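Trainee: Each chain, letter by letter, is given below.
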Amino acid sequence: MHTLSCRELSPLWLTARAVPSASLQPCVLTLPAGWRLTGLTAERGRSTYRFGNDRAGDSSLRATLVSGCRLEGATEVDAPDSRIRRFQRVPSGTGLETAWQDVFPGGCLDVRLRSDSTDADVNAQIAGEAPLILGYVTRSSLAAALHDRSDGRVRLDPASPPR
Amino acid sequence: MVHCPCRDRAEQCIFATWYTIFSLLWTMAAPSTLSASLRLGGDAVDGPARVQPVSRPPEAPARSGHRQRASRRRRPSGEPPPLPRHVGKSGLSWLAAALTLVALSVGLFSAGWRGPAVAVSVADDAVVRWLSGISGPGYLGVMRALAALSSFWLMTATLWALVVALLLLRRLRHLMVFLLVWNLGAQLYFVVGPAAQRPFGVPIRTAWSGWALPSLPIYVLAAVVVGLLYTLVPEGRWRNVGKLIGFAVVGCSALGRVALGADGPLDVLVAAAMGVTLPLVAFRVFTPRQAFPVNYRRGRSAHLDIGGARGQAIRRALEEQLGLAVSDVTPFGLAGSAGSTPLRIDVEGEPQTSLFGKLYAENHLRSDRWYKVGRELLYGRLEDEKPFHSVRRLVQQEDYALRLFRDSGLPTPRPYGVAKLTPEREYLLVTEFCAGAVELGEMAEVDEQLIDSGLRIVRQLWDAGLAHRDIKPSNLLVRDSRMLLIDVAFAELRPTPWRQAVDLANMMLCLALQSSPKQVYAPARQLFTVEDIGEAFAAARGLALPSQLRRALRAQGRDLHGEFIRLLPAPPRPVAIQRWNLRRVRCGWACWSACSPSYRAGRRSPSPQRARETSECTP
Chain A
415 MHTLSCRELS PLWLTARAVP SASLQPCVLT LPAGWRLTGL TAERGRSTYR FGNDRAGDSS
475 LRATLVSGCR LEGATEVDAP DSRIRRFQRV PSGTGLETAW QDVFPGGCLD VRLRSDSTDA
535 DVNAQIAGEA PLILGYVTRS SLAAALHDRS DGRVRLDPAS PPR
Chain B
1040 MVHCPCRDRA EQCIFATWYT IFSLLWTMAA PSTLSASLRL GGDAVDGPAR VQPVSRPPEA
1100 PARSGHRQRA SRRRRPSGEP PPLPRHVGKS GLSWLAAALT LVALSVGLFS AGWRGPAVAV
1160 SVADDAVVRW LSGISGPGYL GVMRALAALS SFWLMTATLW ALVVALLLLR RLRHLMVFLL
1220 VWNLGAQLYF VVGPAAQRPF GVPIRTAWSG WALPSLPIYV LAAVVVGLLY TLVPEGRWRN
1280 VGKLIGFAVV GCSALGRVAL GADGPLDVLV AAAMGVTLPL VAFRVFTPRQ AFPVNYRRGR
1340 SAHLDIGGAR GQAIRRALEE QLGLAVSDVT PFGLAGSAGS TPLRIDVEGE PQTSLFGKLY
1400 AENHLRSDRW YKVGRELLYG RLEDEKPFHS VRRLVQQEDY ALRLFRDSGL PTPRPYGVAK
1460 LTPEREYLLV TEFCAGAVEL GEMAEVDEQL IDSGLRIVRQ LWDAGLAHRD IKPSNLLVRD
1520 SRMLLIDVAF AELRPTPWRQ AVDLANMMLC LALQSSPKQV YAPARQLFTV EDIGEAFAAA
1580 RGLALPSQLR RALRAQGRDL HGEFIRLLPA PPRPVAIQRW NLRRVRCGWA CWSACSPSYR
1640 AGRRSPSPQR ARETSECTP
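So the sequences go chain by chain: A and B.
First residue of the first sequence: 415, per the numbering used here; consecutive thereafter.
First residue of the second sequence: 1040, per the numbering used here; consecutive thereafter.
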């Protein structure tokens, strides 16, 4: 099982092929205690990452990388990374249910966080930990790593833009 | 689509649901019975047989001095049987190729994308880049069209069409094998699929998902093509043509996907090898053409083709195992047989003699099992209806019953033994050929001597503690005003009194069909008491009468049962034939719930409890 760590290149190369326009690729910076990667899907046009929490449920955090996303109704907030702009949506419903979008050149990461727990302390902890999980690596660094690994024989992206 | 909680195991859920539904469909399909009636022509070759009473049993052909005698031979350990199971040379080749490729790719990519895996990817990517770089009018469109041959939607539609076609054609074994392969293939895909990258350095211009090796669309396409060929296309010229077309379709689609940058050559190669091998081997092992031929000729599926390899195997088995030098083997009396393939076997010698053979295979065993499940669901267990679990035991039972009947002085065909064609799969029971005999149902009328002969058979059965359990016109042969009892496959030792009583009633009804109740009742009183006869007609109702006898009674429009009752001093109290037990209740409930609209619509998956209960009803 891949951890999608920012240092594990194989799955990142695959997800990079899913959204060729994205200048950044999400990866797992850290997995706080109780969190685990429950699913990773890479397909044409999108890649999806699912994380589960032992108290909040199996699909507590779901992040989808696409080439662009709608930002209506979202409010820009401070982003933890200077390379991205973060837009927060107003929480709705009972319990913990929130969403934000990280926008960067050529891509958008849509993140949704929800909790099955009704314990306010648990939800507060989940809400605090979730934004720490995902970080970003640049596409150029992935391309460079691929170039190094193959002794210059393989390129991540085509030389000319896709037709 | 059935919603399944086990999302990652959707195939398993689909399979489980289908299995349950198919089991029930199969149960309700009223499969053919096991009774194999022997319709014997009057122009048959004269044989040495004597009719009842058989004081001097006929000589076995192998022991007769007049007939050519072949030496029996024990098959040494390790030597294949006359009709061996095999997957064929091509099957073995595919298996070897698939295993090699899978092992190679797992070995290459299991350590990640480094070392030899990089070298292979570089070579793969070079091919992809070359194909992807070709430009020309319509080139991209053609490649997209080729790739679309393995598109998700087309594959889904084809898969469902195949399932529906197999259901309509009632090729349920083929369907089960295909679904099993489908499920197994899905598991195998996730197990062996290494983390191989999509081709680098080229735009991917068609749909893709996940790791590249093996290519899922090509894997599915190859499996569907083989599934179509081995379940719907008859063997021979059409299947050979189909293989070429299938090869072209898979090759073209693979070319399209490579040219569009979705897969590399190794990805499609491994996928094609896996997709072909798994169903190919499964169909050849579990639905061998000898036992489960794909054809569209009219006729009962119970009847096996006795030409080709099986014909040669029959001759070899008879010669080696029973010492019979066979000159000809031909199907015989197929119209009257539903549970086996009846054969006339001509044995070399002066004069030439004929024997009767009943070829049993796995499909007959399955028919027997489902028939018994159906009987239990409809009526409960009337008596010992435990299904046989191997063809060997099925044949063994009939051979034993024949010998038991003869030892008890009953006029039945002499058994000559059993020949094994394929271990646990195909056996041939050989008996005397009752030349010159006609079925009771084909006689215009019966005389007193024949009536007495028939009634004495039941008396002998009673005295010997036996029950035939399938007394009907086609199982009663007449020769020289004597009756001969055949098809003893259902016979039972120490049966229930109810079953013995039913045998008597069935015999009296059979005899009365060609005469009158009065003509039968009077001699019956010489051999049985009024209480015996009363009990017989109290017990013989509904299912207790063989379907052929019921049809004959309906065809005559006479209430023979009622006429016999009126001949008795007092009408007997009917004996109930419905038997209830927990298993029947559970099976009935499972059937009812499985057939409910919400279940049929597939809105929910069967609960483990329900699946378990339904599976209890399956043989």
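What the hints contain is simulated information worked out from the structure, not anything from laboratory work.
Bear in mind the structure is a predicted one, so any value in this text is a computation, not a measurement.
Keep in mind that a hint or two might mislead.
[Unchecked claim] Computed footprint of chain B on chain A; a stretch qualifies when at least three of its residues, placed anywhere within it, have a C-beta under 8 Å from a C-beta of chain B:
#1 424-432
#2 451-462
#3 554-564
Where is the CB? At the ideal position from N, CA and C, for every residue including glycine.
Trainee: Are the hints correct? Go through all of them and say.
Mentor: Hints, verified against the model:
1. 424-432: As far as the segment 424-432 of chain A goes, the hint holds, because 5 residues have Cβ atoms under 8 Å from chain B.
2. 451-462: holds (count 4)
3. 554-564: holds (count 3)
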